[in-house]
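Here the protein sequences come in this chain order: A and B. Counting along the first sequence from 1, when you hit position 145 you're at 145 in this note's numbering, and nothing is skipped either side. Counting along the second sequence from 1, when you hit position 218 you're at 218 in this note's numbering, and nothing is skipped either side.
Fair warning: there could be bad hints in the mix.
Said to hold, decoys possible - Result set (EDC-like, lysine to aspartate or glutamate): computed pairs, CA atoms no more than 20 Å apart in a straight line:
1. B:175 / B:93
2. B:406 / B:369
3. B:316 / A:180
4. B:17 / B:240
5. B:406 / A:180
6. B:175 / B:369
None of these hints come from the bench; they were simulated from the model.
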Amino acid sequence: MSTPHTVSSDLVVIEAPRRPSLGQRAGIVLVSAITLFALFGPWLVGIDPARQQLERYLELPSLGHPLGFDQLGRDMLARLAHGARLSLSLATVSVLSAAIPGSVLGLLAAWRGGWPERVLAAFADAVLALPGLLLVLLLSAFTPGGFWPLYVGISLALWVEYFRVVRAASRILLASPHVEAARLLGFGPLHIVRRHLLPELLPRLFTLMRFGFAGAVLAMSALGFVGVGLQPPTPELGVMMIELLPYYGEAPWLIGAPVLLLFLTLLGLLLLAPEREAA
Amino acid sequence: MNPALVVENLAVLLGDKALVRDISFTIPAGGVLTLLGESGSGKSLLAQAIMGNLPAPLRCEGQVAIGGQSTAAADQSSRHAGWGRRLALLPQEPWLALDPTMRVREQILETYSLVGKAQKRGARGLAERALASLGLGDAARKYPFMLSGGMAQRVAFLATHAAGAPVMIIDEPTKGLDADRRGEVLELLRAAQAEGMSLLCITHDIWLARQLGGQLAVMLDGAMIEQGVTAEVLDAPRADYTRRLLAADPGSWPAGQAASAGDVVVRVDGIAKSYAQHTLFAGVDARIAAGEVVAVSGPSGSGKTTFGNIVLGLTKPDSGQVERASGLAPTAFQKIQQDPGAAFAPRIRLRQSLRDLVELHRLDWSRLEALLGRMRLASALLDRLPHQVSGGELQRIALARVLLMKPALIFADEPTSRLDPVTQQDVFALLLEHVRASSCAMLLVTHDADIVRSVASRRIGLSGAT
Numbered sequence: 001m002s003t004p005h006t007v008s009s010d011l012v013v014i015e016a017p018r019r020p021s022l023g024q025r026a027g028i029v030l031v032s033a034i035t036l037f038a039l040f041g042p043w044l045v046g047i048d049p050a051r052q053q054l055e056r057y058l059e060l061p062s063l064g065h066p067l068g069f070d071q072l073g074r075d076m077l078a079r080l081a082h083g084a085r086l087s088l089s090l091a092t093v094s095v096l097s098a099a100i101p102g103s104v105l106g107l108l109a110a111w112r113g114g115w116p117e118r119v120l121a122a123f124a125d126a127v128l129a130l131p132g133l134l135l136v137l138l139l140s141a142f143t144p145g146g147f148w149p150l151y152v153g154i155s156l157a158l159w160v161e162y163f164r165v166v167r168a169a170s171r172i173l174l175a176s177p178h179v180e181a182a183r184l185l186g187f188g189p190l191h192i193v194r195r196h197l198l199p200e201l202l203p204r205l206f207t208l209m210r211f212g213f214a215g216a217v218l219a220m221s222a223l224g225f226v227g228v229g230l231q232p233p234t235p236e237l238g239v240m241m242i243e244l245l246p247y248y249g250e251a252p253w254l255i256g257a258p259v260l261l262l263f264l265t266l267l268g269l270l271l272l273a274p275e276r277e278a279a
Numbered sequence: 001m002n003p004a005l006v007v008e009n010l011a012v013l014l015g016d017k018a019l020v021r022d023i024s025f026t027i028p029a030g031g032v033l034t035l036l037g038e039s040g041s042g043k044s045l046l047a048q049a050i051m052g053n054l055p056a057p058l059r060c061e062g063q064v065a066i067g068g069q070s071t072a073a074a075d076q077s078s079r080h081a082g083w084g085r086r087l088a089l090l091p092q093e094p095w096l097a098l099d100p101t102m103r104v105r106e107q108i109l110e111t112y113s114l115v116g117k118a119q120k121r122g123a124r125g126l127a128e129r130a131l132a133s134l135g136l137g138d139a140a141r142k143y144p145f146m147l148s149g150g151m152a153q154r155v156a157f158l159a160t161h162a163a164g165a166p167v168m169i170i171d172e173p174t175k176g177l178d179a180d181r182r183g184e185v186l187e188l189l190r191a192a193q194a195e196g197m198s199l200l201c202i203t204h205d206i207w208l209a210r211q212l213g214g215q216l217a218v219m220l221d222g223a224m225i226e227q228g229v230t231a232e233v234l235d236a237p238r239a240d241y242t243r244r245l246l247a248a249d250p251g252s253w254p255a256g257q258a259a260s261a262g263d264v265v266v267r268v269d270g271i272a273k274s275y276a277q278h279t280l281f282a283g284v285d286a287r288i289a290a291g292e293v294v295a296v297s298g299p300s301g302s303g304k305t306t307f308g309n310i311v312l313g314l315t316k317p318d319s320g321q322v323e324r325a326s327g328l329a330p331t332a333f334q335k336i337q338q339d340p341g342a343a344f345a346p347r348i349r350l351r352q353s354l355r356d357l358v359e360l361h362r363l364d365w366s367r368l369e370a371l372l373g374r375m376r377l378a379s380a381l382l383d384r385l386p387h388q389v390s391g392g393e394l395q396r397i398a399l400a401r402v403l404l405m406k407p408a409l410i411f412a413d414e415p416t417s418r419l420d421p422v423t424q425q426d427v428f429a430l431l432l433e434h435v436r437a438s439s440c441a442m443l444l445v446t447h448d449a450d451i452v453r454s455v456a457s458r459r460i461g462l463s464g465a466t
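Taking the hints into account, I'd like the entire structure generated from these sequences.
Below is the structure:
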C-alpha cells in the first residue's frame, strides 16, 4: 500500500502524477516486444516448426534463416516463435486461473470469517505444504505429456499465495473506518469491494501475478527439461533446451536462443515493478 | 554560557514558495520556547528543518546554532551527528516509535550505550536508575504493548532523553490525551527543565503552554506573528489571530444550554461488553432523545467507543438490548470518525465517493452542494483524493456526508481530537448547528472535559469496571 505523500503532519503536498521510471520503461519495451513476437512471430516466420530437413542438420544462421537449423534440420526461428507462443500463453492462462479463484476465495474468507475461513485456510496450508512442482509431477503421472495436467497443476500450486495475500489485506481493510462508514451509509458488498477493497488489492495482485507468471514459465521449462511436461516435438522452451543441450559445443546459439528469450521475459516482468513496490 | 538553540532567518522552501519564513529566536540554556499555531502553520516543518530531516523536495535557508555551534540550515546533514547527543526530538504519539519486539530496559540501554557511548556495564545501571526515577522500575522487563499509554509515553521520553541531549524538540506532546495524561506529560517536561534541559515545544495546547512558562511564539502561515513571555502573550495578546486562537480553546467556550429533548430515538437496556477477561462495562441503560447532545464519559479504556458502536449496531453487546425507535431508516444512525483521513475510501476521489452515495439513495446532488456550501467548502476540493485534503476540511466533508442521510442520531467519536483548536471550534460549531437545526440526537465521545461542559446537555458515565 503506498502511503500518502505527506511532507509533515500538518502540510499536505499534492503529488504530481508519477512518470514511469527508466527501469519500468525498459520493462514495458521488453514485455511488449516479447508479447508481439509470441503473438505474430509464428505467422511472420511462416515456416512449419516441425518440418524436418535432415540434410540441413545444424546449418549455420543465414539471411533467410537467422537462427539456422536444429539437430533435426528444423528452422530454429520458427521453433522459437512457436515455443514462445506456447510457453507464454500457457503461463498467462495458469496465472489467471490461479489469481482469480485465489483472490475470490481470499475475499470470501475475509468477509465471511468463522468456519468457512478456517476450512479454506487449512486447505490452503495443506496445498502449501506440498512443493508446487511435486504437485504438477503427481498430476502429470496420470497423463504424461498432456497439456491439462500441466495447466491444472500449476494453477493449483499457485492459487494459495493469492488467497493468502487477499485474505490478509482484506481483513485489515474490512475493519477500517472507511468500510465502517460505507456500511453505515447503506452501501452493499459490491460497492465495498469495488471502491474500498479492489483499489487497494489490485496493485498487490499485479505484483504477485508478475512473479507468478515468471514462476509459471520457469516451472514449465523445468518440467519440460526433466521430460515430464510437454513432449517433443512440441516447440516449448524447456523442451527445446533439453533437446539442444547435447549440441551446446557445436551450435551454442541454438540452446542460447530459448534461454535468452526466457531470461529477457523474466527480466522485463521484474523491471515492470513500480519503483516502490506495492506489496 | 552559549544559548542552547539560536535560529536566525530560517525559511523552508518548496520550489520558490516559502512554506516557513523569517523565523528567528533564541532559547537560553534551560529555557523553554513554545510554538503555538494551527495545522498547516508550519510548526512541524520548522522542527524538521532544525533537526535536519526535511523530506527531499523541501530546502531550507538561514542559520541554526546548537550550543554555540553554528551551521547553515541548508546543510542538513551537519546536524545529524548531534542527534540524541546535542539535539533530540520527541515525536508526536511517541509510543508508536518504541520497538514492539524489544523489552523496555533494552531499548533504553541501547540509547545509553550506542548514542550516549556509556560503557556497557555503566549503561545498565544508568538505565535502571533512570527507569526507577520515572516510576518505571517494574516495567523494565515488559514489552511496549504491555504498558499503559502513560507508561509508554514515559519510556519514549526516556529513550529520547537518555543520551543527554541538552536541547529537546517536542512535537504535540499532549495531542489526543485526556486531562490526567496531559498532567503526566507536563510533569515530565518540568522535570527535564529542572535538570537544565532546553525545550522547544510545538503544540496546540494553550493550557500546556501556560504551564510551561518561558517564551511563546505564535505561528500563522509559516511566519511568527507574535513572540514574547508566555504569560504576557496569553494574557494580553496583541495580534488578532492570537486572540482568535485563545478564544478557540475549549476552556473558553461558553457553557452549554440544556436542550429540549424530543422523542426517544434509541433505548439501551442493560448492555454489557467484555473482551477476553476484561469487562468494559455492564448493566448500562440509556435513553437518547432527538435534539440532545449526550456525552459518554469515562477513563481511557472504559469502552466509550465500543458503547457508541453498540448503539449504532456495529458491535453486538454480550447481553442487553438496543432498540431503535420504529420507523427509522436503516441509515438513520451515523458516525463521525476520529480520524477523517481514514473515513473515506483512500484511492477514490471524494467527488466519486459522494456521487456513489447520492446515486445509491437517489438523493439530490444539489442538496449536497448546499451542505458543502454551508460548511464553507469549495467544490474543487472534491476532485482530490482524501489524503490531499486537510483534516479540518475532510472532517467537514464527512459531516456533510452524514447530514445528507438526514440522521436521527450521530455518534461523534473524538471528532476533533486530531484537529487544531481553531478548526476544532469550527467543526463543533457546524456540528451543533446542524444537530439543532435537524433535531437529531448526538452521542459524543471526547477526552476533553471542557468540550463536554460546553457542548453536552447530559452525560452517560462508564465506570471502567474491571
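Hint by hint, here is what the structure shows:
1. The hinted pair formed by residue 175 (chain B) and residue 93 (chain B) meets the criterion: a straight-line CA distance of about 8 Å does not exceed 20 Å.
2. Of the supplied pair hints, the one linking residue 406 (chain B) and residue 369 (chain B) holds, its CA atoms being roughly 15 Å apart against a limit of 20 Å.
3. The straight-line distance between the Cα atoms of residue 316 (chain B) and residue 180 (chain A) is roughly 14 Å, inside the 20 Å bound, and the hint therefore holds.
4. Distance hint between residue 17 (chain B) and residue 240 (chain B) is unfulfilled; the C-alpha atoms sit about 25 Å from each other, more than 20 Å.
5. The hinted pair formed by residue 406 (chain B) and residue 180 (chain A) meets the criterion: a straight-line CA distance of about 18 Å does not exceed 20 Å.
6. For a cut-off of 20 Å, the pair hint linking residue 175 (chain B) to residue 369 (chain B) is broken: about 33 Å separates their Cα positions.
Consistency with the previously given hints fails for numbers 4, 6, ordered from lowest to highest.
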